[in-house]
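Once you know that position 82 of the sequence shown is 82 in the working numbering, the rest is easy, because the numbers rise by one and skip nothing.
Think of the hints as simulated: they come from the structure by calculation, not from any bench. Treat the hints with care, since some could be wrong.
[Unchecked claim] Estimated spans, in silico, between C-beta atoms of each pair:
id, residue 1, residue 2, range
1, 178, 20, 16 to 22 Å
2, 13, 220, 34 to 40 Å
3, 232, 86, 27 to 33 Å
4, 178, 228, 34 to 40 Å
Positions of the beta carbon are idealized from the N, C-alpha and C atoms, including for glycine.
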Amino acid sequence: MNELLCIIIGGFLMSLIAVVGGFTAILQKGLLDRILLPIVALAAGTLLGGALFHMIPEAIQVIDPRDAGIWVMGGFITFLGLEQFLHWHNYAHHSAEDKHKPMTYLVLIGDGIHNFLGGLGIASTFLIDPRAGIAAWIAAAGHEIPQEFGDFGVLVHGGWNKRTALILNVLSALTFPAGAILAYYVSLRFETAGLVLFGAGNFIYIAASDLVPEIKLHKTLWNAIVHFSFLVAGMLLMLVLSYAF
1 MNELLCIIIG GFLMSLIAVV GGFTAILQKG LLDRILLPIV ALAAGTLLGG
51 ALFHMIPEAI QVIDPRDAGI WVMGGFITFL GLEQFLHWHN YAHHSAEDKH
101 KPMTYLVLIG DGIHNFLGGL GIASTFLIDP RAGIAAWIAA AGHEIPQEFG
151 DFGVLVHGGW NKRTALILNV LSALTFPAGA ILAYYVSLRF ETAGLVLFGA
201 GNFIYIAASD LVPEIKLHKT LWNAIVHFSF LVAGMLLMLV LSYAF
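Given these sequences and hints, build the entire structure.
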């Protein structure tokens, strides 16, 4: 199977994960509340592990380590700046007549850009080393599942009906294969190691800024232990995959 076909299939499989958000409509709220944060913790661990054990080690074999740090930091601060801009724009320009809550637009725009950049980074990793690319895909998929749960809930709570919310989630997810295909054609002319490291910076930012804050404060010691354990399990899973591959 050629590289482009693998990238296309992987991209659209990632997009299909968007439909898992619809399952929140049939799950009991108590069950969803119990499983969501452990999944978020696992996702944070796989993202960190994917960046530290797969994407960065592969890319620094073909790029100067100092330049590698610049690319990783670029990916990190780009997502920080993006989130700051979206929050500012959303609250500064939202119309009071719009029946949909401001956060719903933030979720859709942010998720679309996030998926596009994720497609760029993961496909670029695959082009350097298919094994590392598969591991990075697994890490991203682990993050997408709890994110889609959350996104679907935010859209419905923000005024969209369930059918429209699911369609919007899927459309937003289609930016992932778009980014992946672009990475393939960019690789025909340019070295893509920088995109891999940029994607690693994205992974680290999402885990450290968006996911870890969700799981680090708890009322009970047991919850803290469970979430910490799931985060470590996610990192260990990616470490094991790095040795297995």
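Tested hints:
Take residue 178 and residue 20: their Cβ atoms lie about 20 Å apart, and the range 16 to 22 Å holds. Distance hint check for residue 13 and residue 220: the Cβ-Cβ separation is about 37 Å, which falls inside the suggested range of 34 to 40 Å. At roughly 31 Å, the beta-carbon separation of residue 232 and residue 86 lies within the given 27 to 33 Å, and the hint holds. Take residue 178 and residue 228: their Cβ atoms lie about 36 Å apart, and the range 34 to 40 Å holds.
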